[in-house]
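J.: Residues per chain are reported as follows:
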Amino acid sequence: MRLTCTVNGTTRQVDDVWEGESLLYVLRERMGLPGSKNACEQGECGSCTVYLDDVPVCACLVAAGQAEGREIGTVEGLAPPGELHPVQEAFLEAGAVQCGFCTPGLLVATDDLVSRSLAEGRTPTDPEIREALAGNLCRCTGYEKILDAVRLAADRMAGDARQPGGTR
Amino acid sequence: MQFLQPATWAEALEAKAAHRDAVPIAGGTDVMVGINFGRLRPALLLDLTRVADLRQWDTDDGAVRLGAGVPYARVITELGDRLPGLAMAARTIGSPQIRNRGTVGGNLATASPAGDAHPALLAAGAEVEVASVRGTRTIPVTEFYRGVKRSALADDELIAAVRITPPSGPQQYSKIGTRNAMVIAVAAFGLALHPARRAVGTGIGSAAPTPRRAPAAEEFLAGELDGLWDSRAELPAATAARFGELVAAAAAPIDDVRGTARYRVHALSVMARRALTWAWLDYRKGDPTCA
Amino acid sequence: MSAPTRTPAGAPSAVGGPGGRIGDDARRPDGVLKVRGEFAYGSDLWMDDMLWGVTLRSPHPYARIRSIDVGPALAVPGVHAVLTSDDVPGEKVYGLELADQPVLAFDVVRYQGEPVALVAADHPDTARRAAARIVVDYDVWEPVTDARVALGHPTWNQVHDSPAEVTELSRESADLHPHGNLVRHLKVRRGAPAPTADVVVVGEYEVGMQDQAFLGPESGLAVPGEDGGVDLYVATQWLHVDQRQICAALALPPERVRLTLAGVGGAFGGREDLSMHVHACLLALHTGKPVKMSYNREESFFGHVHRHPATMRYEHGATRDGDLVYVKAEIYFDGGAYASSTPAVVGNGGTMGIGPYVVPNVHVDCYGAYTNNPPCGAMRGFGSVQTAFAYEAQMDALAAELGMDPVELRCRNAMEQGSTTPTGQVVDSPAPVVELLRRLEAMPMPPAVPTGDDVDLRDMPGGVSNTTHGEGVRRGVGYAVAYKNVAFSEGFDDYSTARVRLEVVGGEAVATVHTAAAEVGQGLVTVEQQIARTELGVEQVVVHPKDTAVGSAGSTSASRQTYVTGGAVKAACEAVRGQVLELAQRGVGRPVADLRLDGGKVVSDVEGIALPLADVLGEEVVEETVEWRHRPTESIDPETGQGFAHVQYAFSAHRAVVDVDVELGLVKVVEMACTQDVGKAINPQAVIGQIQGGTAQGLGLAVMEEILVRDGRVQNPSFTDYLIPTVLDMPPMRVEILEYADPHAPYGLRGVGEAPNISSGPAVLAAIRQATGLPLTRVPVRPEHVTGT
Ligand SMILES: Cc1cc2nc3c(=O)[nH]c(=O)nc-3n(C[C@H](O)[C@H](O)[C@H](O)COP(=O)(O)OP(=O)(O)OC[C@H]3O[C@@H](n4cnc5c(N)ncnc54)[C@H](O)[C@@H]3O)c2cc1C
Ligand code: FES
Ligand code: FES
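Protein chains in written order, with full-length UniProt numbering: chain A, 1 to 168; chain B, 1 to 291; chain C, 1 to 789.
If you're looking for bench data, these hints aren't it; they were derived computationally from the structure.
Bear in mind the structure is a predicted one, so any value in this text is a computation, not a measurement.
Among the hints, a few may not be true.
What the hints assert, rightly or not - Taking lysine to any residue pairs in the SDA-like style, the calculated list, with each CA pair at most 25 Å apart, reads:
hint: 1; chain 1: C; residue 1: K328; chain 2: C; residue 2: V455
hint: 2; chain 1: B; residue 1: K285; chain 2: C; residue 2: P450
hint: 3; chain 1: B; residue 1: K285; chain 2: C; residue 2: T451
hint: 4; chain 1: B; residue 1: K285; chain 2: B; residue 2: G223
hint: 5; chain 1: B; residue 1: K285; chain 2: C; residue 2: G472
hint: 6; chain 1: C; residue 1: K92; chain 2: C; residue 2: G71
hint: 7; chain 1: C; residue 1: K601; chain 2: C; residue 2: V136
hint: 8; chain 1: B; residue 1: K285; chain 2: C; residue 2: D456
hint: 9; chain 1: B; residue 1: K285; chain 2: C; residue 2: T420
hint: 10; chain 1: B; residue 1: K285; chain 2: C; residue 2: N716
hint: 11; chain 1: B; residue 1: K149; chain 2: B; residue 2: P209
hint: 12; chain 1: B; residue 1: K285; chain 2: C; residue 2: D48
hint: 13; chain 1: C; residue 1: K289; chain 2: A; residue 2: L92
hint: 14; chain 1: B; residue 1: K149; chain 2: C; residue 2: T720
hint: 15; chain 1: C; residue 1: K289; chain 2: A; residue 2: E29
hint: 16; chain 1: B; residue 1: K149; chain 2: B; residue 2: V265
hint: 17; chain 1: C; residue 1: K92; chain 2: C; residue 2: V136
hint: 18; chain 1: B; residue 1: K285; chain 2: C; residue 2: V455
hint: 19; chain 1: C; residue 1: K680; chain 2: C; residue 2: K328
hint: 20; chain 1: B; residue 1: K149; chain 2: C; residue 2: L457
hint: 21; chain 1: B; residue 1: K149; chain 2: C; residue 2: L708
hint: 22; chain 1: B; residue 1: K149; chain 2: C; residue 2: K92
hint: 23; chain 1: B; residue 1: K285; chain 2: C; residue 2: D453
hint: 24; chain 1: C; residue 1: K92; chain 2: C; residue 2: L402
hint: 25; chain 1: C; residue 1: K328; chain 2: C; residue 2: N716
hint: 26; chain 1: C; residue 1: K328; chain 2: C; residue 2: Q425
hint: 27; chain 1: B; residue 1: K285; chain 2: B; residue 2: G125
hint: 28; chain 1: B; residue 1: K285; chain 2: C; residue 2: H469
hint: 29; chain 1: B; residue 1: K149; chain 2: C; residue 2: G472
hint: 30; chain 1: C; residue 1: K680; chain 2: C; residue 2: E736
hint: 31; chain 1: C; residue 1: K680; chain 2: A; residue 2: E29
hint: 32; chain 1: B; residue 1: K149; chain 2: B; residue 2: A17
hint: 33; chain 1: B; residue 1: K149; chain 2: B; residue 2: G223
Taking the hints into account, I'd like the entire structure generated from these sequences.
T.: Here it is in structure tokens:
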């Protein structure tokens, strides 16, 4: 089957997609976008988190055909080439990246959380951060530095003139 | 494998009638796990996410008609006041990513004894609206579950919506999991007090081959509350405890990797007792919702 | 469609920007690639014409293979090869310490999930469907699933006073291996053979099987070479030990089996054994095409070894004043079907199994057994994680018996520098056990159990699942302390190789560090840069991709890489520096006093000289390769366990605060506090990251993580039912780092990664015990244990 969708702002078309493939497989193996990670294929780890029409979802649980005509945003599209998104910068600065396998999914989930909070004119509280990131497993960090990174990113983005989510 | 993407409800029903072995897919949070691990190889996937009707809710004759394809995240943000029990259950489901995709329709069709929507729907006395090219019928949710992962849905039918009368009293939902998020229920309990009908609704999850009510507990409590609905007097601790025991007695659990049968029975008695205590406190305060 | 290509040339190499030196929070050189999603993990590798390899695994824990028919699989269009043990050209068995594990099963399968055959096809789903069509005829045997039954002493020796009380296993197949079911028996005998004491506590303990659950499943890409050899790009922990085993299986010399490290998504011990390594190479050599193998989560649970489950019996004797008089321990590790690291696990459990305490009389028997359970091997803190649950529970039980404060009892018996371990080794570097505990005690406590109407469910046991608003919730506080050997022990020739080059690139002096030390997320690449910057006074340090073109670095395990590979990089830098200073003096034309490298210059403050390195080097490329060893250890006496077994010890302590809903048995860990002596924090941010991550894995084992095995079959090979902590399960942490230099180690540093993984779980257990008043002798604690259901 042929699949056409917009990925990180660019229209992409791929052929010979098997109907049972997930959006994750299509992104990674057919579109050359391996940034979204496959750590479980069962929705449990969040490593494959992408935006589907601005809503964070597990790409491993989206059937390829369901993405037809939709807009998809992946970690590769968070920042323009050569730049870092404030969330990416904060993860590096806070030491929230060890093996980094959880990182792409966490970055998307964090961007979504912070953007939504800022749209309400505030930054997320710790309990909110925890509940919002509960679908993203990390085996390396014990999450402390991830929380640091999210707080840091939220503060920075709150102080930024940038429109919330404008860098997606 | 074929992939069909009907744009309208009528097209969807026609497709299902023409391909009875087609597997509908909504949020995909059950279906895709099956496909990814080779346990499910449908000849045809019927994508329902383009059917706009399924993704809407409205009120109809006082009841909420919740489209089968409304994801949990919207149940929480848009219906927390009208369907508090279901919204509380929804908040315990999976993770934000799962709640952004997963639907009540999918939960019903999977009909897992561990599905979190079921106890809330049972307690609220919901009805399931199913349709086919043959027409539409309404199934009381109590009659919907027919066995482990089996439902009353015919092979040419799709779930259109669930209809739930907003509560006249407080509702509660409690679930046991061995992790603080992203966990399948070891046991779950839904409670709805219906002061308008002077009735009590219950729902038990993960503790029998199907989700089920606890009728004896409901009757007992309705009897005990008979004099209390109006006085809003304190509920005797013994009543709550007895209610918990009767709820537990309605369960028929098994031992599995997630928990033992004995624990499930015990946990149900505690959850039911506590849920009743909280619900009654809310009722006394005159607050129909609680979180 | 044109296939996108991520060739192995894109294997991660790390270019360092302006960075930091020893002691700084230097940034990871691979960090930017990782946050952009551009870092190439093993599962991201791609070549245009590659095939996908899959493994057919045994459904039975124990069976004889009567026959294998690969015909139906070969007939599937798109299939390029189907291989069995007959196609293994070299040694048909492999292993880290003992070669006993088949590359592909022949004659007998000994655990559920054992690889039986391989398929290569042009789409992973085609390969999977083909594998399902291979017909294997099994004669199914009854599995041996209990370590003590396997050894023939199903009752405690200590109780029955006869180590050889053997119950005959009824069947011929009862011995899993020709040499029997015993992998190793370690004895420690110190002091009086039959000591007595005023106060005695006895306990029996059990620890379940934990999984490393690294997020990046096993994967790699094998590319056939023109020389008949193979290049393997793989996520692994120890390239050279992989290479040795692959060479043996393929019957190829090392120069024809070249390994490069692909990006690793966590390891924690689970990648120390081979997984898909030989398989992908076999398929690549057989088909003449690149072959990628990538496990999914379910296969990953069968594709690597786990943490050994343990059953333990401890007897502690003490004076009325609380001085330990003796400890007797009998420890059984279930090694599963193959040896893997079991001998070393027994080594750790046996030699350090009574904890960081001074005890005059010690009698330990530690066994590792073969069973038909999944093979167990390396996982962070191995041998010590299990025993710490037991010995720390015993210390608490003893304190209760004596009416003493548990921390007081620990401090009273704590090891210190100069103490003698049960194996007769004098601790010859700081051992600040008392200070670690005292500092924990002095830390502020978290706020009390929230109560009242508007409790936030997220603060409650059960969380948003809404099971309590405070009902049944009791607070508990627990302490635990741990010590663990760093690096390889018992006489192992433990070394690392570093090649360091200094040259001028674009007018600037650039150092390149080349080691084979696997970066698995811990940040060794950062440490390598920091050391080179410090020793060579340059800013630009390139970390060469990790491969077998340089000598072995040893394993990324046993908390050893910063110590051993760090030591090697330091030594290589020193050798390079020596040469550069030589060059500089040649340039000046005479010996110069006080010469050093700093800020890109050759400097002598005494003589007021500051020569740009670029000028001194000119066209010259200075390169040194150094093989560096820590001081040697000794094997221990087989009858008494005495000997200088361990080169260094790491010490950490935890305080856990928990809220337990005692009616429902649900636990909320409220806070974890940790103190650890790290000798010298080379990168404080990374050190804290190790402590926090290790703490999380210990907490996970304490309250939720277990591979459930029934009759040799894994019941929960998925992230749906093998639960690891989420961010809602991990509490805020307090961490204090102590830096007492170990005079024997480079920069005085101490290995960091494992100790916090050892002390955290027992602290959580102690806290739950305090909250519930229950003995709780089994880990992980389940709601059933707390509620007695
Ligand atoms: C990580 C993870 C965590 C989870 N946690 C929970 C949890 O905590 N609690 C819980 O209850 N569940 C949980 N689930 C299961 C799942 O999310 C729910 O069952 C969800 O409600 C399914 O909805 P869906 O729209 O995704 O269904 P889909 O996967 O799209 O479909 C599920 C089933 O319903 C059928 N179907 C869907 N829509 C219709 C329709 N309109 N008419 C007829 N048939 C239909 C499909 O054919 C399929 O059989 C979890 C799943 C994952 C992956
Ligand atoms: S890979 Fe999609 S959630 Fe784990
Ligand atoms: S950094 Fe390794 S899983 Fe999060």
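J.: Does each hint fit the structure? Answer for all of them.
T.: We went through each hint and held it up to the structure:
1. Distance hint between K328 (chain C) and V455 (chain C) is unfulfilled; the C-alpha atoms sit about 47 Å from each other, more than 25 Å.
2. At most 25 Å may separate the alpha-carbon atoms for a hinted pair to count; K285 (chain B) and P450 (chain C) meet this at roughly 22 Å.
3. This hinted pair checks out: K285 (chain B) and T451 (chain C) have alpha carbons roughly 19 Å apart, not beyond 25 Å.
4. Distance check on the hinted pair: K285 (chain B) and G223 (chain B) sit about 21 Å apart at the alpha-carbon level, within 25 Å; holds.
5. Taking the CA atoms of K285 (chain B) and G472 (chain C), the gap is near 23 Å; set against the 25 Å cutoff, the hint holds.
6. Distance restraint check for K92 (chain C) and G71 (chain C): the Cα-Cα separation of roughly 22 Å lies within the 25 Å cut-off, and the hinted pair is therefore satisfied.
7. The hinted pair formed by K601 (chain C) and V136 (chain C) fails the criterion: a straight-line CA distance of about 68 Å is larger than 25 Å.
8. For the hint pairing K285 (chain B) with D456 (chain C), the CA-to-CA distance comes to about 20 Å; that is within 25 Å, so the pair holds.
9. A threshold of 25 Å between alpha carbons decides the hint, and for K285 (chain B) with T420 (chain C) the separation of about 67 Å lies outside it, so the pair is violated.
10. For the given pair, K285 (chain B) sits about 45 Å from N716 (chain C) by alpha-carbon distance, which is inconsistent with the 25 Å threshold.
11. Between K149 (chain B) and P209 (chain B), the direct Cα distance comes to roughly 8 Å. Compliance with the 25 Å bound is thereby established for this hinted pair.
12. Taken as a hint, the K285 (chain B) and D48 (chain C) pair is broken in the structure, with Cα atoms around 68 Å apart against an allowance of 25 Å.
13. A distance of roughly 38 Å separates the Cα atoms of K289 (chain C) and L92 (chain A); the hinted pair therefore is violated under the 25 Å criterion.
14. For the given pair, K149 (chain B) sits about 18 Å from T720 (chain C) by alpha-carbon distance, which is consistent with the 25 Å threshold.
15. Distance check on the hinted pair: K289 (chain C) and E29 (chain A) sit about 18 Å apart at the alpha-carbon level, within 25 Å; holds.
16. Restraint check for K149 (chain B) and V265 (chain B): the C-alpha separation of about 21 Å stays at or below 25 Å, so the hint holds.
17. Using a Cα cut-off of 25 Å, the hinted pair K92 (chain C) and V136 (chain C) holds, with the two alpha carbons roughly 19 Å apart.
18. For a cut-off of 25 Å, the pair hint linking K285 (chain B) to V455 (chain C) stands: about 17 Å separates their Cα positions.
19. Of the supplied pair hints, the one linking K680 (chain C) and K328 (chain C) is violated, its CA atoms being roughly 35 Å apart against a limit of 25 Å.
20. Between the alpha carbons of K149 (chain B) and L457 (chain C) the distance comes to roughly 31 Å, so the proposed pair goes past 25 Å and is violated.
21. Distance restraint check for K149 (chain B) and L708 (chain C): the Cα-Cα separation of roughly 24 Å lies within the 25 Å cut-off, and the hinted pair is therefore satisfied.
22. Annotation: proposed proximity of K149 (chain B) to K92 (chain C) is violated, straight-line Cα distance about 45 Å (limit 25 Å).
23. About 12 Å separates the Cα atoms of K285 (chain B) and D453 (chain C), which keeps this hinted pair within 25 Å; it holds.
24. Annotation: proposed proximity of K92 (chain C) to L402 (chain C) is violated, straight-line Cα distance about 57 Å (limit 25 Å).
25. Restraint check: the Cα-Cα separation between K328 (chain C) and N716 (chain C) comes to about 35 Å, which exceeds 25 Å; the hinted pair is violated.
26. Distance check on the hinted pair: K328 (chain C) and Q425 (chain C) sit about 19 Å apart at the alpha-carbon level, within 25 Å; holds.
27. This hinted pair checks out: K285 (chain B) and G125 (chain B) have alpha carbons roughly 24 Å apart, not beyond 25 Å.
28. At most 25 Å may separate the alpha-carbon atoms for a hinted pair to count; K285 (chain B) and H469 (chain C) meet this at roughly 17 Å.
29. Of the supplied pair hints, the one linking K149 (chain B) and G472 (chain C) is violated, its CA atoms being roughly 34 Å apart against a limit of 25 Å.
30. The straight-line distance between the Cα atoms of K680 (chain C) and E736 (chain C) is roughly 13 Å, inside the 25 Å bound, and the hint therefore holds.
31. Our distance criterion of 25 Å between C-alpha atoms is broken by K680 (chain C) and E29 (chain A), whose separation comes to about 44 Å.
32. Note on K149 (chain B) and A17 (chain B): the hinted pairing holds, with a Cα-Cα distance of about 22 Å set against a maximum of 25 Å.
33. The straight-line distance between the Cα atoms of K149 (chain B) and G223 (chain B) is roughly 34 Å, outside the 25 Å bound, and the hint therefore fails.
In the structure shown, a violation is registered for the earlier hints numbered 1, 7, 9, 10, 12, 13, 19, 20, 22, 24, 25, 29, 31, 33, in ascending order.
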